[in-house]
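Modelling step: build the complete structure from the supplied sequences, incorporating the hints.
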Amino acid sequence: MGCGLCEVHCLVEHSRTRDVIKAYLRERPSPLARLRVERQDHLFLLVQCRHCPEPLCVYSCLTGALSRDPTTGEVHVDEARCIGCWTCILACPYGAIRRDPQRGIIAKCDLCPDRSLPACVAACPNEAILYVEEAL
Amino acid sequence: MPRKTSQRGTRYLIVGNSAGGIGAVEAIRQVDANGPITIVSDEPYPAYSRPEISGYLAGLTTVERMLFRPPDFYERNGVEAILGVTASRLDLRKRGLELEDGRTLAWDRLLLATGGRPTMPPIPGADREGIFTFTTLADADRIRAALSPASRAVVIGAGLIGLSLTHALVHLGVPVVMVELLDRPLANALDREAASVVERALREAGVELVFEQTVDEVLGQPEDGEHVGGVRLQDGRQLSCDILAIAIGVTPRTELAPEAGLRVDRGIIVDRRMATSHPDVYACGDAAEAFDFVHGVERVTPIWPNAYIGGRVAGLNMAGRETVYSGGTAMNALSYFGLAIVSAGLQEPGDGPGYEVLVSSDSDTAYRKVVLREGRVAGLTFVGDIEKSGIVLGLMRDGTDVSAFKEALVAPDFGLTSLPEELRRERLAPFVTEAA
Numbered sequence: 001m002g003c004g005l006c007e008v009h010c011l012v013e014h015s016r017t018r019d020v021i022k023a024y025l026r027e028r029p030s031p032l033a034r035l036r037v038e039r040q041d042h043l044f045l046l047v048q049c050r051h052c053p054e055p056l057c058v059y060s061c062l063t064g065a066l067s068r069d070p071t072t073g074e075v076h077v078d079e080a081r082c083i084g085c086w087t088c089i090l091a092c093p094y095g096a097i098r099r100d101p102q103r104g105i106i107a108k109c110d111l112c113p114d115r116s117l118p119a120c121v122a123a124c125p126n127e128a129i130l131y132v133e134e135a136l
Numbered sequence: 001m002p003r004k005t006s007q008r009g010t011r012y013l014i015v016g017n018s019a020g021g022i023g024a025v026e027a028i029r030q031v032d033a034n035g036p037i038t039i040v041s042d043e044p045y046p047a048y049s050r051p052e053i054s055g056y057l058a059g060l061t062t063v064e065r066m067l068f069r070p071p072d073f074y075e076r077n078g079v080e081a082i083l084g085v086t087a088s089r090l091d092l093r094k095r096g097l098e099l100e101d102g103r104t105l106a107w108d109r110l111l112l113a114t115g116g117r118p119t120m121p122p123i124p125g126a127d128r129e130g131i132f133t134f135t136t137l138a139d140a141d142r143i144r145a146a147l148s149p150a151s152r153a154v155v156i157g158a159g160l161i162g163l164s165l166t167h168a169l170v171h172l173g174v175p176v177v178m179v180e181l182l183d184r185p186l187a188n189a190l191d192r193e194a195a196s197v198v199e200r201a202l203r204e205a206g207v208e209l210v211f212e213q214t215v216d217e218v219l220g221q222p223e224d225g226e227h228v229g230g231v232r233l234q235d236g237r238q239l240s241c242d243i244l245a246i247a248i249g250v251t252p253r254t255e256l257a258p259e260a261g262l263r264v265d266r267g268i269i270v271d272r273r274m275a276t277s278h279p280d281v282y283a284c285g286d287a288a289e290a291f292d293f294v295h296g297v298e299r300v301t302p303i304w305p306n307a308y309i310g311g312r313v314a315g316l317n318m319a320g321r322e323t324v325y326s327g328g329t330a331m332n333a334l335s336y337f338g339l340a341i342v343s344a345g346l347q348e349p350g351d352g353p354g355y356e357v358l359v360s361s362d363s364d365t366a367y368r369k370v371v372l373r374e375g376r377v378a379g380l381t382f383v384g385d386i387e388k389s390g391i392v393l394g395l396m397r398d399g400t401d402v403s404a405f406k407e408a409l410v411a412p413d414f415g416l417t418s419l420p421e422e423l424r425r426e427r428l429a430p431f432v433t434e435a436a
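Taken in order, these protein sequences are the chains called A and B. For the first sequence, position 125 (counting from the first letter as 1) is numbered 125 according to our numbering, and the numbering increases by one without interruption. For the second sequence, position 100 (counting from the first letter as 1) is numbered 100 according to our numbering, and the numbering increases by one without interruption.
Please keep in mind that the hints were generated in silico from the structure rather than gathered at the bench. Wrong hints could be hidden among the right ones.
If you anchor each label on the Cβ, the simulated ranges turn out as follows [unchecked claim]:
#1 E74(A) x P175(B): 21 to 31 Å
#2 R203(B) x R26(A): 35 to 45 Å
#3 R103(A) x E75(B): 29 to 39 Å
Where chain A lies over chain B, by a calculated footprint (3+ residues, C-beta under 8 Å) [as the list claims (entries may be wrong)]:
#4 51 to 59
#5 64 to 73
#6 307 to 313
#7 377 to 390
A few chain B residues that face chain A, going by a derived Cβ cut-off under 8 Å, partial list only [stated by the list, open to error]:
#8 L181
#9 V250
#10 W304
#11 A333
#12 S335
#13 A340
#14 V342
#15 A344
#16 L393
#17 G394
#18 G415
#19 T417
#20 S418
All figures in this text were calculated on a predicted structure; none of them were measured in a lab. Cβ atoms here follow ideal geometry from the backbone N, Cα and C, with glycine treated the same way.
Structure below.
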């Protein structure tokens, strides 16, 4: 539908206050949604990290901030180690990694570690986003 | 902590402890959990993020925070790390590697991930004190020790290394003059437009730029001729400095290879499996000439991600999992001086037949350029608006014919939805479920 609720819930989930109004208007640095909703005419597409089995972002990371957990297959960024060089942004064939200009580091999907289901999945009114765990 | 060293033979011997070497270790361990791995490096520390030496010199990070992998990496992966020891001679027939301390290591599979060393031009007076290169942690330490509150620096070369050093020096309040042979910074990595954005950022940061000049002579200090006091340019101008950095590029460190009988051109020649002319010897990274998918030939593309991925392919093959290197090309991302610029492949293709250049810009905030060759992406440059550049690089990597939607590649709202349906479905296939 292109409602963008996933974007809103993602941003709030990754805010400090977890309050939609404060997150959008007051928090500094401004929280960022870790996903992107593409809208082209009547076509809508949610783009977020695919947690690729062959993660080009991890292979390209200059600092070791990006890594793939060998047991869960999840690709994570250690924000303390990210220097905001943007090499992973260039490497990702999905355009799924965002630049956080205020913090000078990247922002990407972390599958919402504090929740049983990622916020985007839980919030989608049309059940268009599925969360599926697969054996590695 | 690295394990105690020994003189035993090893299944996998890796010379070089940076991106390529680590990529190989991680790949080998995916296939072979137990085969003994040994890493030899002339640098005395665990693998660190080389690009971070700029932040380190600027005082923004520490060695601990620069480590490329957690401190227990070697132990956890069962890697014997022989650090601070130079490999001196390779014997292919006996499958041995001599180290400078007299030890010889026997190996079954060998990876030469020896990197590059700074190219040093023959300049009269270049034997004085106060002349530096900037590719290692030790270089950063040497520069830091030489700096004084009154220091002035001249950096020869406005490429990536020169820029990374200049960024650190500016942060430290050191006046810098960059001297560049070509007419713009990063001439090998960026097109003219993006280079002009970098040039503006450098000037705004107070950096003095001298283009189309070389240094003819390194001058001594009046009171101490042993120490650098300045440089004389080709046009006769003199610049005073006590810190002179040479950053004109890196030369592949191939020295072990030719005397052992391996084929070497500018770098060690490898096939698509990253194997050298000896079937059990592999090479990767800045030391190797590996396949470049834009140029369609083997060439040296000394960048970090290519080193890691090349090392990874080598490691998989060394451990017996047949893997083909899909190729790399020159690609760079820039964040110095608050910039956001990415580039890959051809930047200034000229007017050759078959080439087409697509450009768009949003006043001062964004610039997008895609170079096509016979309908396929051969180069890209994005300034400011970089988040979807990876999709374009992906199309370039895959050699996709983009003629049907080429204009969209540089549109501000470009995205996966800009791709024709069939192509988009193919790219997203593993992640899209058909509606029930």
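Here is how each hint holds up against the structure:
1. E74(A) x P175(B): 21 to 31 Å: Cβ of E74(A) to Cβ of P175(B): about 47 Å, so the range 21 to 31 Å is violated.
2. R203(B) x R26(A): 35 to 45 Å: holds (36 Å)
3. R103(A) x E75(B): 29 to 39 Å: holds (33 Å)
4. 51 to 59: Answer holds; 3 residues pass the 8 Å Cβ test.
5. 64 to 73: holds (count 5)
6. 307 to 313: Held - the region 307 to 313 of chain B has 3 residues with a Cβ nearer than 8 Å to chain A, which meets the minimum of three.
7. 377 to 390: Result for this restraint: holds, n = 5.
8. L181: Check failed: Cβ of L181(B) comes no nearer than 26 Å to chain A, outside 8 Å.
9. V250: violated (16 Å)
10. W304: holds (5 Å)
11. A333: holds (4 Å)
12. S335: holds (5 Å)
13. A340: Holds, because the Cβ-Cβ distance from A340(B) to chain A comes to roughly 6 Å (cut-off 8 Å).
14. V342: holds (4 Å)
15. A344: holds (7 Å)
16. L393: holds (6 Å)
17. G394: holds (3 Å)
18. G415: holds (4 Å)
19. T417: Result: holds, 4 Å to nearest chain A Cβ.
20. S418: holds (7 Å)
Checked against the numbered hints above, the structure violates hints 1, 8 and 9; every other hint is satisfied.
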